[in-house]
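Chains as they are written, first to last, in full-length UniProt numbering: chain S, 1 to 232; chain B, 1 to 275.
Simulated from the structure, these hints should not be mistaken for lab results. Any given hint might turn out to be false.
Below, in silico cross-link-like pairs of lysine to aspartate or glutamate (EDC-like), each with a Cα-Cα straight-line distance of 16 Å or less [stated by the list, open to error]:
1. B/K256 to B/E211
2. S/K140 to S/D39
3. B/K243 to B/D203
4. B/K130 to S/D183
5. S/K57 to S/D194
6. B/K243 to B/E124
7. B/K179 to S/D194
8. S/K226 to S/D194
9. B/K66 to B/D268
10. B/K130 to S/E218
11. S/K162 to S/D183
12. B/K130 to S/D39
13. B/K179 to S/D100
14. B/K126 to S/E218
15. S/K38 to S/E218
16. B/K130 to S/D101
Here are the simulated distance ranges between beta carbons [as the list claims (entries may be wrong)]:
17. S/A78 to B/Y202: 53 to 59 Å
18. S/G14 to B/K126: 22 to 28 Å
19. B/S150 to S/N219: 56 to 62 Å
20. B/D207 to S/G178: 28 to 34 Å
Idealized CB from N, CA, C, for every residue including glycine.
Read off the chains here:
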Amino acid sequence: MSYDTALTVFSPDGQLFQVEYAMEAVKRGLCCVGVRGKDAIILGVEKKATSKLQDVKTIKKVYQLDHNLCMTFSGLNADARILANQTRLQCQQYKIYYEDDPSVDYIAKFTSQQQQKFTQRGGARPYGISTLIAGFSNNKPKLFQTDPSGACSEWKATSLGKSAKQVKDFLEKHWREGLHEKDALLLTTKALMDVVESGNKNIELCVIRKNECWFLNENEVEELTKITAQLQ
Amino acid sequence: MIDFDPSTFGLAHTYQKEDKDEINTLSMPSAPQVIYRSLNGPTQTNGGNKLNNFKHGTTTLGFVFKEGILLAVDSRASMGSFLSSEQVRKVIEINEYLLGTMAGGAADCQYWLAYLANHCRTYELKNGSKLSVAAASKFLQGILIGYKNSGLSMGCMIAGTDLSGQHLYYIDNDGMRLKGDIFSVGSGSTYAYGVLDNHYRYDLSLDEAVELGVRAIYHATHRDTASGGVVRVYHIHQNGWTKVHDGIDVVDLHYKFAQQKGLVGDGDEAKQRLF
Numbered sequence: 001m002s003y004d005t006a007l008t009v010f011s012p013d014g015q016l017f018q019v020e021y022a023m024e025a026v027k028r029g030l031c032c033v034g035v036r037g038k039d040a041i042i043l044g045v046e047k048k049a050t051s052k053l054q055d056v057k058t059i060k061k062v063y064q065l066d067h068n069l070c071m072t073f074s075g076l077n078a079d080a081r082i083l084a085n086q087t088r089l090q091c092q093q094y095k096i097y098y099e100d101d102p103s104v105d106y107i108a109k110f111t112s113q114q115q116q117k118f119t120q121r122g123g124a125r126p127y128g129i130s131t132l133i134a135g136f137s138n139n140k141p142k143l144f145q146t147d148p149s150g151a152c153s154e155w156k157a158t159s160l161g162k163s164a165k166q167v168k169d170f171l172e173k174h175w176r177e178g179l180h181e182k183d184a185l186l187l188t189t190k191a192l193m194d195v196v197e198s199g200n201k202n203i204e205l206c207v208i209r210k211n212e213c214w215f216l217n218e219n220e221v222e223e224l225t226k227i228t229a230q231l232q
Numbered sequence: 001m002i003d004f005d006p007s008t009f010g011l012a013h014t015y016q017k018e019d020k021d022e023i024n025t026l027s028m029p030s031a032p033q034v035i036y037r038s039l040n041g042p043t044q045t046n047g048g049n050k051l052n053n054f055k056h057g058t059t060t061l062g063f064v065f066k067e068g069i070l071l072a073v074d075s076r077a078s079m080g081s082f083l084s085s086e087q088v089r090k091v092i093e094i095n096e097y098l099l100g101t102m103a104g105g106a107a108d109c110q111y112w113l114a115y116l117a118n119h120c121r122t123y124e125l126k127n128g129s130k131l132s133v134a135a136a137s138k139f140l141q142g143i144l145i146g147y148k149n150s151g152l153s154m155g156c157m158i159a160g161t162d163l164s165g166q167h168l169y170y171i172d173n174d175g176m177r178l179k180g181d182i183f184s185v186g187s188g189s190t191y192a193y194g195v196l197d198n199h200y201r202y203d204l205s206l207d208e209a210v211e212l213g214v215r216a217i218y219h220a221t222h223r224d225t226a227s228g229g230v231v232r233v234y235h236i237h238q239n240g241w242t243k244v245h246d247g248i249d250v251v252d253l254h255y256k257f258a259q260q261k262g263l264v265g266d267g268d269e270a271k272q273r274l275f
């Protein structure tokens, strides 16, 4: 008997195969990186044009959830869009309810709860994405990762998708506490460039500061990749 | 998690549906599911039967000063001209860092402030951080707007401390929420405002602030028949709240203040002043 055709069936050794397969989809997704600095968090993600005719500029893979909260992902593009929209709505609803901005913990928990809902429901499949959620709470930068099983944890620096292991090894070697925004930005770019065909067309970067998000445009990304290449 | 359509925000039944996907083994009893709003204005409580007309017989006050917030309240409950109690506790201890004052319908205040306490605690457990005073007061406002025009009677102050300091909010059954430095609520509030506005300064010391609060309540109880009993005083500071006075009888205060003014009460006051 195959235990992987329905979501709501455990296998004899305690696995939910559909959730595992969803995580497999994430592992084959395009690479994304998150690095937590002292006064900023950097999210970087690989973009790939499926054809020369496609305008890669218009693919936006870092979603802004609130004025100082951003999310990126590895896995299925469309699932990410849906989850980001739900989380955006939740941010605003929280404000109506409580007047304050929601903390990054709260939003990460909400996102992971949404993902968990779909691991315990008949007739539905899990979200095929793992997300990186970055923002500031109580003036402290925070980076969270969620995955299709609904798990949620905080990270200093992490990476998802293809070549995630390679990037994580690189980050383990070079990340240190208290990175300034510029250093964190260079670290993220370097980590991505190792696994992505370099060039501004294939990398999207976002800097999350205490009160705003800076989405680097293609000229800035190109400049950054040039600087990083020289530093090698 | 919050799970409602923003266009139905404020309708009473949304608070029933919160966390509908989670298994609630311990659900608090709460008000009916759907409230039909009357388009004709506030519903009358018991058609004006004075014996059951509990409304607004109170003086409560609160003000922000450099040492935090001071709350002072009286303790009289009246049903028309019948005094039902002289020992009511009109400051409700929501939790260790939030206080609420009661004016208007005692039942409404007690119930909804207890509901707020339940919500604050649940939030704290779920999210690992406490709700701010702004958030708690906003949450209460959300509830009261849902019951607008259905006969709730509440004029309460939410005062507390959080990471950004000590804050004072006024919330009433019309759904009004005001942040402020000085509030007085109830039938005796006009008298209390007179004394408060006269002597309030931000840089009062704690003792001066307590004295001011006590005086203001005393003057209100002296002139307003629906206020009286004892004065209870609370102080909110960055570590939570402290009960400064559990009950000073206003009758004792009356003679104390009279003595300070040199009044003996023998009818010869005017003569005395000639000397």
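Now the hints, each set against the structure:
Under the criterion of a C-alpha separation no larger than 16 Å, the hint pairing B/K256 with B/E211 is consistent with the structure, at around 13 Å. Straight-line distance between C-alpha atoms of S/K140 and S/D39 comes to about 8 Å, which keeps the hinted pair within the 16 Å bound. At roughly 21 Å between alpha-carbon atoms, B/K243 and B/D203 are farther apart than 16 Å, so this suggested pair is violated. For the suggested pair B/K130 and S/D183, the alpha carbons sit about 34 Å apart, so the restraint of at most 16 Å is broken.
Simply put, S/K57 and S/D194 have alpha-carbon atoms about 21 Å apart, too far for the 16 Å limit, and the pair is violated. As the CA atoms of B/K243 and B/E124 are separated by approximately 24 Å, the hinted pair breaks the 16 Å bound. Our distance criterion of 16 Å between C-alpha atoms is broken by B/K179 and S/D194, whose separation comes to about 53 Å. Distance hint between S/K226 and S/D194 is fulfilled; the C-alpha atoms sit about 13 Å from each other, no more than 16 Å.
Taking the CA atoms of B/K66 and B/D268, the gap is near 42 Å; set against the 16 Å cutoff, the hint is violated. Proximity of B/K130 to S/E218 is assessed by CA-CA distance (about 42 Å); at most 16 Å being required, the pair is judged violated. Of the supplied pair hints, the one linking S/K162 and S/D183 is violated, its CA atoms being roughly 24 Å apart against a limit of 16 Å. A C-alpha spacing of about 24 Å is found between B/K130 and S/D39, which places the hinted pair above 16 Å, so the restraint is violated.
Distance restraint check for B/K179 and S/D100: the Cα-Cα separation of roughly 14 Å lies within the 16 Å cut-off, and the hinted pair is therefore satisfied. A hinted pair counts as satisfied when its Cα atoms are at most 16 Å apart, and B/K126 with S/E218 does not qualify at roughly 41 Å. Between the alpha carbons of S/K38 and S/E218 the distance comes to roughly 25 Å, so the proposed pair goes past 16 Å and is violated. Restraint check for B/K130 and S/D101: satisfied, since their Cα atoms lie roughly 13 Å apart, inside the 16 Å limit.
At roughly 56 Å, the beta-carbon separation of S/A78 and B/Y202 lies within the given 53 to 59 Å, and the hint holds. Here the CB-CB span from S/G14 to B/K126 is close to 27 Å, well matched to the stated 22 to 28 Å. Hint check: B/S150 to S/N219, Cβ distance near 59 Å, so the stated range 56 to 62 Å holds. Taking the beta carbon of each, B/D207 and S/G178 are about 46 Å apart, not inside 28 to 34 Å as hinted.
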